[in-house]
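Chain A is fixed; fit chain B onto it per the hints.
Chains A and B, in that order, are what the protein sequence lines are.
Residues in the first sequence are numbered consecutively from 69, following the numbering used here.
Residues in the second sequence are numbered consecutively from 70, following the numbering used here.
There's no promise every hint is true.
Distance ranges between label pairs, derived from CB positions [to be verified]:
| # | chain 1 | residue 1 | chain 2 | residue 2 | range |
| --- | --- | --- | --- | --- | --- |
| 1 | B | Pro167 | A | Gln483 | 58 to 66 Å |
| 2 | A | Pro110 | B | Leu127 | 31 to 39 Å |
| 3 | B | Asn256 | A | Val495 | 37 to 45 Å |
| 4 | B | Ile123 | A | Tyr456 | 49 to 57 Å |
| 5 | B | Lys115 | A | Asp119 | 35 to 43 Å |
| 6 | A | Ile461 | B | Leu127 | 50 to 58 Å |
| 7 | B | Ile126 | A | Ile201 | 40 to 48 Å |
| 8 | A | Leu468 | B | Leu127 | 47 to 55 Å |
| 9 | A | Pro110 | B | Asn189 | 43 to 51 Å |
| 10 | A | Pro110 | B | Ile126 | 33 to 41 Å |
| 11 | A | Leu94 | B | Leu127 | 37 to 45 Å |
| 12 | A | Leu247 | B | Lys115 | 28 to 36 Å |
FYI, nobody ran anything at the bench for these hints, they're computed from the structure.
Because the structure is a prediction, the values reported are computed rather than measured.
Think of the CB as a built atom: it goes at the ideal place given N, C-alpha and C, for glycine as much as any other residue.
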Amino acid sequence: MVLVFLPPLFIFLFSFLNVNRRLIALLSITIVIPAIYLFFHPFVNEYFLVDKLNTFILLISSVVGVGVSLSMIDLPNRIYLSEKAIKRFYRFFGIFWLGLIISILSNNMGLFWIGLEFATLSTVYMIKVKDSIMAHKEAWRYLTIGAVAISLVLFGIILMYASAKNVLGEEAMNFTTLLENSKAINAFLFEIGFTIAISGFFIKMGFFPMNLWLADIERAGIYPVAAFFSGILESAIMLGFFRLTQIQMHINYSHLITFIYVYAIFTLFIVSFLIYRSKDFVTTFALSGIEHMVLITLFWVSGGHFAALLHLASHAFLKPPLFLSSALLEEKGKYRFKGALRGYENKAIPLLISLLLLGIISLPPSPMFFSEIYGFKSILAIVTNTQYFFLMIFTVIVILLLLSIIFYKFITIYQEALYEEKNQNRVVYKSEIMMLILFVFSLITLLLPQVFHYIQGIIQ
Amino acid sequence: MIDILIGFFIATLISELFTTRLYRLYGWYAFNSLCLGFIALFIGFKVSDSAMIINGILTIIIKFLFIPFVLKSITVKFNIPRNIVPNLKIYYSTIIVPIILVFTYYLVNPILHNIAYNANYVALSISSLFLSLLLIIEHKNVAPKIIGFLSIENSLFLLAISATKGMPMLVELGIFVDVLMFIVIVNILFKYQGDY
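If we strip away everything but chain A, and leave its shape as in the complex, we get:
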């Protein structure tokens, strides 16, 4: 397991030397080997846990890490980044990745929090890499709000720990022990802690009332930062959400459903209109990321574990390449949709980006199409089993209406990008093509029946 920590650690160390971006990209690829090794060697101890759920998320985040490293090779050709800034970016990228691997593999809630905090703090500087007043302001904003969000998570963890310390001792800090002894926990205290911790997670993912916070930060930072947020950070936070909700499901399922549905629908309501009004690619993708996180939480708490995991994986393979492709789409600082998909010398590029753009709104054969079908199936299963039948039906209709607004906006963007205005001689670098191929290949892999079968077996 130690091997999985080495690539980010080496990236951190190499950043102090003369940075060779190709070498770092190669180094990041090596993470796939230990990530696959962990698939076949599960284990659990006091601090770490390697099971089907987190190895799956580790592999997804590893692929995203590799993709981002590839895109970094030629990013300085697109936006101005000084050599010093690139070095510092890699330094904090190493810490960020290391922190999130710790979070993903941790069995201990405290260790999970420490990894998340490391990632949060290192992101602050990664936002600042771009030399602009806006990036500087947003870095400070992220530091303040991110720190408050992460403090809420710690507050919740302390209360959850206190709820079981009497019975379980220091083992009360472990996800597995809490799950196995969920009946012995002080339910009231756990639920309070759970609510506070989940609110912290939601703030970090840009849920209500912090919807524009994340979008502004992703707009202000360089493209790889937004890709990290959507592909790695959100996956790690989601894993924490999955682990805690598994325990809460045993304690009080109806409280969980009510809390998550109300929170999620408020968020979706606001996000859908914000997407409708958005005027540039990065902001639209950032807000759409919140929408997908909402759907994952809804699918998961409704019992659609397969749908939630498939949606998480699809989102992690669709959104980072879209953010990274924004460097092409917004060439020379043109933050507009019109003509963004025109004028490329390599005709495969607009095709690949179009596939990703349409895939994110779940058009078949995107894996998201299947995850949404299965997800809504699980939501409807809840509807038929509840005493609040009409309320739930109304809720589902509202969700579908809000999703249709987002669908309409994305189709409009696609049409404007493909059919309006002319552009000429747009250069595409090899590393960008490799990055796009990597993500498209990963998406195709997700569609294999064996992969479907594997994901179905993650949560029995």
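Quick look at chain B alone, frame taken from chain A:
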């Protein structure tokens, strides 16, 4: 003795809210951390918990001595304005602070029945958490916001030692490392603020 120290802990935090000078704010934060360190030491000796004693010593070294010193040198180095007038008028704060203290107690009353030990300390640590949030909200300047976050961290540390008799050693040490990294990031953000 612990009661007195917790009283001082809250008093220093309230003083932070009314301070209009930056160095004085750092000073109150240092005293706040000193009280916290002694609380951890007293509880640690009382329950013979070596991990908590180590945490108490680390709190005094890092938060009472090291962090205020670093923050002061950052202030001098980057010429940060030392006049920090809160957005919230003092007379409003004078009303809000007792309201937070009293209402937090009633708000967390149901929780207190579920806490096995030191229930009153838990109420105070949660109210100090709200007071720290108020510190973040009431200031426009960055420096008091940083102290606000560090005070939140102190409040959570107090909550951890009072509600759970301390968290596992590794977690506590990890939190200390995180606080140090927070200070490093703050330093870097100030250092490169003129890069663009």
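Hints, one by one, checked against the model:
Hint check: Pro167/B to Gln483/A, Cβ distance near 59 Å, so the stated range 58 to 66 Å holds. Roughly 35 Å separates the CB atoms of Pro110/A and Leu127/B, a value that falls within the hinted 31 to 39 Å. Here the CB-CB span from Asn256/B to Val495/A is close to 39 Å, well matched to the stated 37 to 45 Å. For Ile123/B and Tyr456/A, the hinted distance range of 49 to 57 Å is satisfied, since their beta carbons lie about 52 Å from each other.
At roughly 39 Å, the beta-carbon separation of Lys115/B and Asp119/A lies within the given 35 to 43 Å, and the hint holds. The hinted window of 50 to 58 Å between Ile461/A and Leu127/B holds, with their beta carbons roughly 56 Å apart. A C-beta distance of roughly 42 Å is found between Ile126/B and Ile201/A, which places it inside the suggested range of 40 to 48 Å. Judged by the Cβ atoms, the range 47 to 55 Å given for Leu468/A and Leu127/B holds: they are separated by roughly 53 Å.
At about 44 Å, the beta-carbon gap between Pro110/A and Asn189/B stays in the expected band of 43 to 51 Å. At about 39 Å, the beta-carbon gap between Pro110/A and Ile126/B stays in the expected band of 33 to 41 Å. Separation of Leu94/A from Leu127/B is about 40 Å and conforms to the stated range, judged on CB atoms against 37 to 45 Å. Between Leu247/A and Lys115/B the CB atoms are about 33 Å apart, so this pair conforms to the stated range of 28 to 36 Å.
When each numbered hint is compared with the structure, no violation occurs for any of them.
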